[in-house]
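A.B. asks: With chain A fixed as given, assemble chain B with the ligand onto it according to the hints.
Residue numbers (our numbering), protein chains in the order written: chain A, 1 to 289; chain B, 1 to 279.
What the hints contain is simulated information worked out from the structure, not anything from laboratory work. C-beta: ideal position from N, C-alpha, C; glycine also. Each hint should be verified, as a subset may be incorrect.
Listed next, the stretches of chain A that the computed footprint assigns to chain B, with coverage defined by at least 3 CB atoms under 8 Å from CB atoms of chain B [stated by the list, open to error]:
no.: 1; region: 91–105
no.: 2; region: 173–182
Short, incomplete list of chain A residues facing chain B, as computed with Cβ under 8 Å [claimed, not checked]:
no.: 3; residue: Gly123
no.: 4; residue: His125
no.: 5; residue: Leu156
no.: 6; residue: Ser159
no.: 7; residue: Lys260
In silico DSS-like pairs for lysine-lysine, Cα to Cα no more than 25 Å straight-line [to be verified]:
no.: 8; chain 1: A; residue 1: Lys100; chain 2: B; residue 2: Lys203
no.: 9; chain 1: A; residue 1: Lys99; chain 2: B; residue 2: Lys203
no.: 10; chain 1: A; residue 1: Lys100; chain 2: B; residue 2: Lys199
no.: 11; chain 1: A; residue 1: Lys246; chain 2: B; residue 2: Lys112
no.: 12; chain 1: B; residue 1: Lys205; chain 2: A; residue 2: Lys191
no.: 13; chain 1: B; residue 1: Lys59; chain 2: A; residue 2: Lys260
no.: 14; chain 1: A; residue 1: Lys191; chain 2: A; residue 2: Lys158
no.: 15; chain 1: B; residue 1: Lys205; chain 2: A; residue 2: Lys100
no.: 16; chain 1: A; residue 1: Lys191; chain 2: B; residue 2: Lys252
no.: 17; chain 1: A; residue 1: Lys191; chain 2: B; residue 2: Lys112
no.: 18; chain 1: B; residue 1: Lys205; chain 2: A; residue 2: Lys99
no.: 19; chain 1: B; residue 1: Lys270; chain 2: A; residue 2: Lys191
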Amino acid sequence: MIKRGLFKNPKNQLEGNPKLQKYAVPCVTDEMSISCPSCKKALLNEELAENFNVCSKCGYHFRLNARQRIRLISDGNTFSETDAGLSSQNILDFPDYDKKLENARLESAEKEAVVCGNCEIGGYHCCIFVMEPYFMMGSMGVAVGEKITRLFELALEKSLPVVGFTVSGGARMQEGIMSLMQMAKTSGAVKRHGDAGNLYVAVLTDPTTGGVTASFATEADIIIAEPGALVGFAGPRVIEQTIRQKLPHGFQSAEFLLEKGFLDDIVSRILQKDYLTKLLFLHDRGRKS
Amino acid sequence: MICYIPIMPFALKRDEKMNAYEIVRAARAKNRPTSIDYMERIFSRFTEFHGDRRFGDDKAIVAGIAKLSGMSVTVIGIEKGHGTKEKVARNFGSAHPEGYRKALRQMKLAEKFGRPVVCFVDTAGAFCGIGAEERGQGQAIAENLMEMISLKVPVISIFIGEGGSGGALALAVSDEVWMLQNSVYSVISPEGCASILWKDASKIKEACECLKMTAADLMSLGVIEKILPEKDGLNKLCTAIKKELLASFGEKLALSSDELLERRYQKFRKIGIASVSAS
Ligand SMILES: [Zn+2]
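Only chain A is shown next, with the shape it has when bound in the complex:
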């Protein structure tokens, strides 16, 4: 079983130094090499970056931030962001939420837990959303729901496919019922986009859980996941507490979901761009730009 969370961006590198944020690469420390949390072998930072942040020895997928993913998946400089300024407010006056938002903005250098826009993938124009693990673990509040909804509405208007990368701890507790309502809102937008004959491909990355799993992550026409990604409705600790027993090895892994019939395939990050290009090609209705 892969150990998770070991390579969370060290907080102290970023706190109080906003200039550093743009250059911070979450998975890599200052040292020249890093030890793989799965196989324990030492990997050179430079080689790791060249290999899509995938361990060349065992295939372990290191966590990526949203901008790194967009760079890996989109063609050249084709990405153009939409609704970049949207962010959540502390609508319920929830204790410490303002401070949490502030810290999340510092830690991730993003305004919210999802980045949306349009880009080309293998020459095919599409809308794309990528959730941000370093912003409150990709939790969904009103702003995340709104950005994703607007993206599907835009894609519907322009008859474009949507490619979405999910990573989320679920609904954002600090926005209470408002975060739960985002599940309904995004589902409505996904449905309208799909009913008009447009393609939606979801790529589930580690971890995808809670309200995101129970809404747009599992509503795609084609659902793929990264190897080893944890995907589930309830988190493993909550399940263990509920049933008072240990979960079997590999429970809720992408491999487990594939076997249970909830994924179309597991695609290594190294092959994802080619895979997505192929899907867009196979669904192409003569719009290649």
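C.D. replies: Only chain B with the ligand this time, still in chain A's reference frame:
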């Protein structure tokens, strides 16, 4: 057949000054009426249908058709049960994926035959367990959200006790959501919230207030359409619900399905939008 268990006509009443924690306790009270208690008082000729045609029959969800005065309606309820034996059989009202799929199957039949749908919601949440995950709890809920928001017949959901997160929402993407005065609706249990926020599950009272989970809070946030007072007891409450349902369905059945669906979409589209800032 639903099994009719005689229950104490529990006094559904409250002191107007109850705090959020007291309301949570009332919503979870042992002798509180459950979905079947409402169904048998509001509808006639209820005929229960079992199973999701895919895996099994989840007894945490009761579904069927009945008459609301002269109108045929589809009735779905999350059922906690009364008495230990029934509660266990109904998994204390925590549904598995097959429960949500059973509900969806009945909703699709309602759409086919042009019947309005009434959902009763009373759950601590969708069940968290091995089988539930193996059979796609997240996917089952997601599918209900997507299908409910585009279901071409009127849907009204009534929260009668607890409304726990995605497991409640999976029966509540409706034209109108009504809540009993002492029911609650929340993204997370106050216990869960307290243990995440303060690493202290005993701070449940504070969590109840923070989450804004009472009917009155949700009304002021624009999440629900109606609060149903409980002070006159179960029978009078059911008479009132029956009247309200007839009036509301009458109104909604007069709309074209395009208009109905546009209104439902826009209702969820707008919730909370004022709280987002653009810079
Ligand atoms: Zn390795």
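A.B. asks: Each hint needs a verdict: does it hold in this structure or not?
C.D. replies: Against the structure, the hints come out as follows:
1. As drawn, the region 91–105 of chain A meets chain B at 5 residues by the rule of a beta-carbon pair under 8 Å; at three or more, the given contact holds.
2. For the region 173–182 of chain A, the stated coverage by chain B holds: 9 residues have a C-beta nearer than 8 Å to a C-beta of that chain, and at least 3 were required.
3. A hinted interface residue such as Gly123/A counts as satisfied when its beta carbon comes closer than 8 Å to some beta carbon of chain B; here the least separation is about 31 Å, so the hint is violated.
4. Using the Cβ-Cβ criterion of 8 Å, the hint placing His125/A at the interface with chain B is not satisfied: the shortest such distance is roughly 25 Å.
5. Given hint, Leu156/A at the interface with chain B, is violated; its Cβ is 12 Å from that chain's nearest Cβ, farther than 8 Å.
6. Interface restraint check: Ser159/A against chain B, minimum CB-CB distance 19 Å, threshold 8 Å, status violated.
7. Of the supplied interface hints, the one on Lys260/A holds, with its beta-carbon coming within about 6 Å of a beta-carbon of chain B, less than 8 Å.
8. Proposed proximity of Lys100/A and Lys203/B is supported: the alpha carbons are some 20 Å apart, at most 25 Å.
9. Of the supplied pair hints, the one linking Lys99/A and Lys203/B holds, its CA atoms being roughly 20 Å apart against a limit of 25 Å.
10. Distance hint between Lys100/A and Lys199/B is fulfilled; the C-alpha atoms sit about 16 Å from each other, no more than 25 Å.
11. Proposed proximity of Lys246/A and Lys112/B is contradicted: the alpha carbons are some 44 Å apart, above 25 Å.
12. Distance hint between Lys205/B and Lys191/A is unfulfilled; the C-alpha atoms sit about 38 Å from each other, more than 25 Å.
13. Using a Cα cut-off of 25 Å, the hinted pair Lys59/B and Lys260/A holds, with the two alpha carbons roughly 23 Å apart.
14. Among the hinted pairs, Lys191/A with Lys158/A is consistent with the structure: their alpha-carbon atoms are about 16 Å apart, no more than 25 Å.
15. Proposed proximity of Lys205/B and Lys100/A is supported: the alpha carbons are some 22 Å apart, at most 25 Å.
16. Distance check on the hinted pair: Lys191/A and Lys252/B sit about 22 Å apart at the alpha-carbon level, within 25 Å; holds.
17. Only pairs whose Cα atoms come within 25 Å are accepted, and Lys191/A paired with Lys112/B is accepted, the gap being roughly 19 Å.
18. Proximity of Lys205/B to Lys99/A is assessed by CA-CA distance (about 22 Å); at most 25 Å being required, the pair is judged to hold.
19. Under the criterion of a C-alpha separation no larger than 25 Å, the hint pairing Lys270/B with Lys191/A is consistent with the structure, at around 17 Å.
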